[in-house]
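Line order of the protein sequences matches chains A and B. In terms of the UniProt record's numbering, the first sequence opens at residue 1 and continues consecutively. In terms of the UniProt record's numbering, the second sequence opens at residue 1 and continues consecutively.
It does not matter which identical chain is meant; a pair holds if it fits inside one copy or across any two.
Only pairs whose alpha carbons sit at most 25 angstroms apart, straight line, appear in this in silico SDA-like list of lysine to any residue:
1. Lys44 <-> Glu135
2. Lys47 <-> Asp112
3. Lys44 <-> Gln104
4. Lys65 <-> Ala134
5. Lys289 <-> Thr48
6. Lys330 <-> Glu345
Source of the hints: derived by calculation from the structure; they are not laboratory data.
Listed below are the residues making up each chain.
Number of protein chains: 2
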Amino acid sequence: LVSAGLDDEDTFKILIATDVHLGYLEKDAIRCNDSYNTLNEILKCAKTNQVDFILLGGDLFHENKPSRRCLHSCITMLRQYCMGDSPIRFNILSDQTVNFNTTQFPWVNYQDENLNISIPVFSIHGNHDDPTGAEGLCALDLLSASGLVNHFGHSHSVERIEISPILLQKGSTKLALYGLGSIPDERLYRMFVNNQVTMLRPKEDQDKWFNLFTIHQNRSKHGPTNYIPEQFLDDFLDLVVWGHEHECLIAPTRNEQQLFYVTQPGSSVATSLSPGEATKKHIGLLRVKGRKMNLHKIPLKTVRQFFIQDVVLGDYQDLFTPDTPHATKKVEEFCYAKVTEMLEEAERERLGCPLTPEKPLIRLRVDYSGGFETFNTSRFSQRFVDRVANPKDIIHFLRRREQKEDIKDEVNVDYGKLIKTAAVEGLRVEDLVKQYFEAAEQKVQLSLLTEQGMGKAIQEFVDKDEKDAIEELITYQLEKTQRHLQARGVTTEQDIDAEIQLFRDSKKNTTEEENEIREAMNRARAHRLERGDNALDADILDELAEPMDSDEGSVPFPAPTRGRGRGSRGRGGRGRGRGEDCKLMFSKFIEECRCDTRQ
Amino acid sequence: LVSAGLDDEDTFKILIATDVHLGYLEKDAIRCNDSYNTLNEILKCAKTNQVDFILLGGDLFHENKPSRRCLHSCITMLRQYCMGDSPIRFNILSDQTVNFNTTQFPWVNYQDENLNISIPVFSIHGNHDDPTGAEGLCALDLLSASGLVNHFGHSHSVERIEISPILLQKGSTKLALYGLGSIPDERLYRMFVNNQVTMLRPKEDQDKWFNLFTIHQNRSKHGPTNYIPEQFLDDFLDLVVWGHEHECLIAPTRNEQQLFYVTQPGSSVATSLSPGEATKKHIGLLRVKGRKMNLHKIPLKTVRQFFIQDVVLGDYQDLFTPDTPHATKKVEEFCYAKVTEMLEEAERERLGCPLTPEKPLIRLRVDYSGGFETFNTSRFSQRFVDRVANPKDIIHFLRRREQKEDIKDEVNVDYGKLIKTAAVEGLRVEDLVKQYFEAAEQKVQLSLLTEQGMGKAIQEFVDKDEKDAIEELITYQLEKTQRHLQARGVTTEQDIDAEIQLFRDSKKNTTEEENEIREAMNRARAHRLERGDNALDADILDELAEPMDSDEGSVPFPAPTRGRGRGSRGRGGRGRGRGEDCKLMFSKFIEECRCDTRQ
Numbered sequence: 001l002v003s004a005g006l007d008d009e010d011t012f013k014i015l016i017a018t019d020v021h022l023g024y025l026e027k028d029a030i031r032c033n034d035s036y037n038t039l040n041e042i043l044k045c046a047k048t049n050q051v052d053f054i055l056l057g058g059d060l061f062h063e064n065k066p067s068r069r070c071l072h073s074c075i076t077m078l079r080q081y082c083m084g085d086s087p088i089r090f091n092i093l094s095d096q097t098v099n100f101n102t103t104q105f106p107w108v109n110y111q112d113e114n115l116n117i118s119i120p121v122f123s124i125h126g127n128h129d130d131p132t133g134a135e136g137l138c139a140l141d142l143l144s145a146s147g148l149v150n151h152f153g154h155s156h157s158v159e160r161i162e163i164s165p166i167l168l169q170k171g172s173t174k175l176a177l178y179g180l181g182s183i184p185d186e187r188l189y190r191m192f193v194n195n196q197v198t199m200l201r202p203k204e205d206q207d208k209w210f211n212l213f214t215i216h217q218n219r220s221k222h223g224p225t226n227y228i229p230e231q232f233l234d235d236f237l238d239l240v241v242w243g244h245e246h247e248c249l250i251a252p253t254r255n256e257q258q259l260f261y262v263t264q265p266g267s268s269v270a271t272s273l274s275p276g277e278a279t280k281k282h283i284g285l286l287r288v289k290g291r292k293m294n295l296h297k298i299p300l301k302t303v304r305q306f307f308i309q310d311v312v313l314g315d316y317q318d319l320f321t322p323d324t325p326h327a328t329k330k331v332e333e334f335c336y337a338k339v340t341e342m343l344e345e346a347e348r349e350r351l352g353c354p355l356t357p358e359k360p361l362i363r364l365r366v367d368y369s370g371g372f373e374t375f376n377t378s379r380f381s382q383r384f385v386d387r388v389a390n391p392k393d394i395i396h397f398l399r400r401r402e403q404k405e406d407i408k409d410e411v412n413v414d415y416g417k418l419i420k421t422a423a424v425e426g427l428r429v430e431d432l433v434k435q436y437f438e439a440a441e442q443k444v445q446l447s448l449l450t451e452q453g454m455g456k457a458i459q460e461f462v463d464k465d466e467k468d469a470i471e472e473l474i475t476y477q478l479e480k481t482q483r484h485l486q487a488r489g490v491t492t493e494q495d496i497d498a499e500i501q502l503f504r505d506s507k508k509n510t511t512e513e514e515n516e517i518r519e520a521m522n523r524a525r526a527h528r529l530e531r532g533d534n535a536l537d538a539d540i541l542d543e544l545a546e547p548m549d550s551d552e553g554s555v556p557f558p559a560p561t562r563g564r565g566r567g568s569r570g571r572g573g574r575g576r577g578r579g580e581d582c583k584l585m586f587s588k589f590i591e592e593c594r595c596d597t598r599q
Numbered sequence: 001l002v003s004a005g006l007d008d009e010d011t012f013k014i015l016i017a018t019d020v021h022l023g024y025l026e027k028d029a030i031r032c033n034d035s036y037n038t039l040n041e042i043l044k045c046a047k048t049n050q051v052d053f054i055l056l057g058g059d060l061f062h063e064n065k066p067s068r069r070c071l072h073s074c075i076t077m078l079r080q081y082c083m084g085d086s087p088i089r090f091n092i093l094s095d096q097t098v099n100f101n102t103t104q105f106p107w108v109n110y111q112d113e114n115l116n117i118s119i120p121v122f123s124i125h126g127n128h129d130d131p132t133g134a135e136g137l138c139a140l141d142l143l144s145a146s147g148l149v150n151h152f153g154h155s156h157s158v159e160r161i162e163i164s165p166i167l168l169q170k171g172s173t174k175l176a177l178y179g180l181g182s183i184p185d186e187r188l189y190r191m192f193v194n195n196q197v198t199m200l201r202p203k204e205d206q207d208k209w210f211n212l213f214t215i216h217q218n219r220s221k222h223g224p225t226n227y228i229p230e231q232f233l234d235d236f237l238d239l240v241v242w243g244h245e246h247e248c249l250i251a252p253t254r255n256e257q258q259l260f261y262v263t264q265p266g267s268s269v270a271t272s273l274s275p276g277e278a279t280k281k282h283i284g285l286l287r288v289k290g291r292k293m294n295l296h297k298i299p300l301k302t303v304r305q306f307f308i309q310d311v312v313l314g315d316y317q318d319l320f321t322p323d324t325p326h327a328t329k330k331v332e333e334f335c336y337a338k339v340t341e342m343l344e345e346a347e348r349e350r351l352g353c354p355l356t357p358e359k360p361l362i363r364l365r366v367d368y369s370g371g372f373e374t375f376n377t378s379r380f381s382q383r384f385v386d387r388v389a390n391p392k393d394i395i396h397f398l399r400r401r402e403q404k405e406d407i408k409d410e411v412n413v414d415y416g417k418l419i420k421t422a423a424v425e426g427l428r429v430e431d432l433v434k435q436y437f438e439a440a441e442q443k444v445q446l447s448l449l450t451e452q453g454m455g456k457a458i459q460e461f462v463d464k465d466e467k468d469a470i471e472e473l474i475t476y477q478l479e480k481t482q483r484h485l486q487a488r489g490v491t492t493e494q495d496i497d498a499e500i501q502l503f504r505d506s507k508k509n510t511t512e513e514e515n516e517i518r519e520a521m522n523r524a525r526a527h528r529l530e531r532g533d534n535a536l537d538a539d540i541l542d543e544l545a546e547p548m549d550s551d552e553g554s555v556p557f558p559a560p561t562r563g564r565g566r567g568s569r570g571r572g573g574r575g576r577g578r579g580e581d582c583k584l585m586f587s588k589f590i591e592e593c594r595c596d597t598r599q
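Okay, chain A solo, but in the shape it has when bound (with noise of 0.2 angstroms):
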């Protein structure tokens, strides 16, 4: 049991835990049982240290169709673990037809009365399952009509999302909990710059509330909108639990703008070889007392290891360089000592871990640029089949990574400009695409893509879904910027880093991109203002009717709107209805992260 001191009755736990993936390579003949046993841990943990409910964050599920296998594992665990004679000892307030709507049984499963619950399990839905076909239903939504989970925080609606939280009181703690399952986050993006997205808030005792919100999206920025700016949340929250992003960053960071803290527990499997995957894998204890919050790290034990490596060849000049003789072979033979090495560190770190699996998961990186030729993997895989949990792909040869990179973030910018200008003047995908090349084309000073060639790659791409598209355009358009460049010669190139550097400068001050954000905003609302459209439904004209500066404790759920709560409070200001005082105690009761690795 971790900290049951800090335990009482006017203490929520909960065990936070995101992008369980559950079924990922269920059938590789190594790592078939992983995402099984990790999910397996995690709710016996939530048993042993007797939470109040889990809270998922989407991606239980890795297949939008889980096979048998996987439904039945999950069923069988959540049943095993989750149901039994453990009293709970929190209530619900909120309207929970509201909550729970994609079942038949909308109320909490502890509630029911044919069902004994002992931890009640809160889930939202992420991409990899997330609702589809007619029904809009989700492999979650199997076990929310088993009584097994409670999924929340479904959106039916693409015009207009509002956010009800689940209105939880434990003794004298009231807990709001907020979720909104995974959209795809152009979209999303989109709808909070036309301030279509309303987070409801309790009407009574507002600031009384203890305001926690799920979300499942981009949190690093993949593209200029294909992800949501912290800055996007409403900011009376006090903690934002966001899946979706595999590393565990699970200690909470405070955004200073909008002062809440935001904790990412990462998945509990690894779903690739990136850095990311290879940060330790944790869940969360959370407790909520009052307004207070502390949140305990737990080491995943049964997560297989993952050690990650990157070598430049250039780099050991004393050992070979592209002259040597035999300089392949020494090559090979650098790489396999850098791979025991890993394979050594990752025995000594297991010892004494007996639920961890015995072959860690490698990969070494092996930036060949400068003339070096790559040796053959699969004879190199040979030599560590018994070892590795994945001997077919630890070696990844790549070339001159950082500039590849470099220049994507450059292509991505331009994109980004024209979706919020597009998101603004309505334009849709196609056009974007569009301007995007015209705008990328005229920068960069390529035409790689003749007009004719253009369009019917355009048309290719915009049958599929929005982010897949954008996604395959921008690699596309990037390999040929690649070849491009590769062909003209190394001058090019440092044209390029010149103009990298520029860019990077102009992007250092993001009051310039906050500006444009609000600018964007407000020229949204004046526009629906002066069209006086009479389309949009009640609440919204309720909610332009009122004056910006409005006494909002007088409506019931107010809707604290984005724009207005940003634009009355300017940044780094307080927030509404709630004291600095109380943030800073908030803070205060935030320990350091203690790691009990062996707890």
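Based on the hints, put chain B in the right spot on chain A.
Structure of chain B alone, referenced to chain A:
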């Protein structure tokens, strides 16, 4: 409520249904909800009648991998109707870890302290929702993991089947519930013939138990070994609930050899437009008190009406012949009138049945032999698009139907003899197929497949499922035969006809067939004894070691092997340990099946 006067604390009240085929045509614009509505009706009926439990004979799901909607609906309905506060008034005496061996919760759902079950559902799996994959899980197992269904009768061995009953007691009534989930017919046939199927019996009070068996196999003879003869089933049984067959023949019929009854509830949705599906659909309310039973059939109101009619155009020479001017047009109008008649009949029948869907299924089978031409069915369909649920396939043109079937019969029989022999001699399917062709070729004097071609065909087919392979081969051979006959002209057809008649006469005496089977079984046993096969497991050795005429009362759960039972008893003789009187009483208690169509 149906005949509630019969109910008392010693009477089991069981709702029996089978082949619900949930999800059948769920994407059809008209019929998409049919299977869902009917499952809802069935469960509602169980609740209204306050049954002790529901017994399903397999194929609850139409698809092996039901859609999300399908699973979601099923879970929702089961939770809605089968959970609640009504107490369960019977006990389970058998070893539940043996009975319910497909989940990690090997006990009946109503005894799970975390679930409040009001109506337990017991189900075997069918051929549509059969177990697949490395884990041997079927869709039903998702329901049993959730605690919504008790999946039983799943045999994990392909070598030997031991059916261990669920022993239930209500007041003074003892009910032994046997089940066997679907197995490919040929394989099960062979296992019966090889004496590899054993039904265990309780040691104590053997003649006090009412023995109920649920099976999901072909009952009608689709091919010589492509069904399970009732005679294969143990004669200690009292009632067999036969699933898989879609025709509703729910009124129990007495097997005069085995002295048990068979009820065939039939599917609750028509999944083909064949005559069997046109029989009015029912479910059954089975009452068991002591050794007596009563089966009340309940018509299903939500089932879409289905009317089928056959016309032979040659029979209407007063209206048209192939030479009549505009004959095709006249035939079309004739068919139009027929369909309209059926529609009117459907409408009359539907009067006062608000739950019955408006548009019926209509099938007109038109034999156009003798020179008639077919008319354009798509134009015909247009005329009924608003009135018929299956406008596109109302008309089914065929020629000389009777003859085709006769040939099929004839060819199959040779094959069947081979299978019987083969089962004894331990031949494999490949050999059977080869022998089949050799025999067929000798008999019909056809050499349509060259030796090479045959080899190839066999190789292609043996990789598939046995059943499919054999069916495909037969179809293939039939088509070849048909074409060959057509090429030869009528003379040959007459020869064939003569031969068919000869064969039919030879088959009139079923005793011969019976004897064949008995002989085969004796040979199999002798063969095994001769070999002194050490690979046999202990149970089999014990059984073989037992004297043929041993007193079986002393053996716990003795295995009443079919061969022995039949051998010691002779045809039409008495069952072991049960007097003829008991059987007579039993049959007297069976009421004429009352059919309250407006129940």
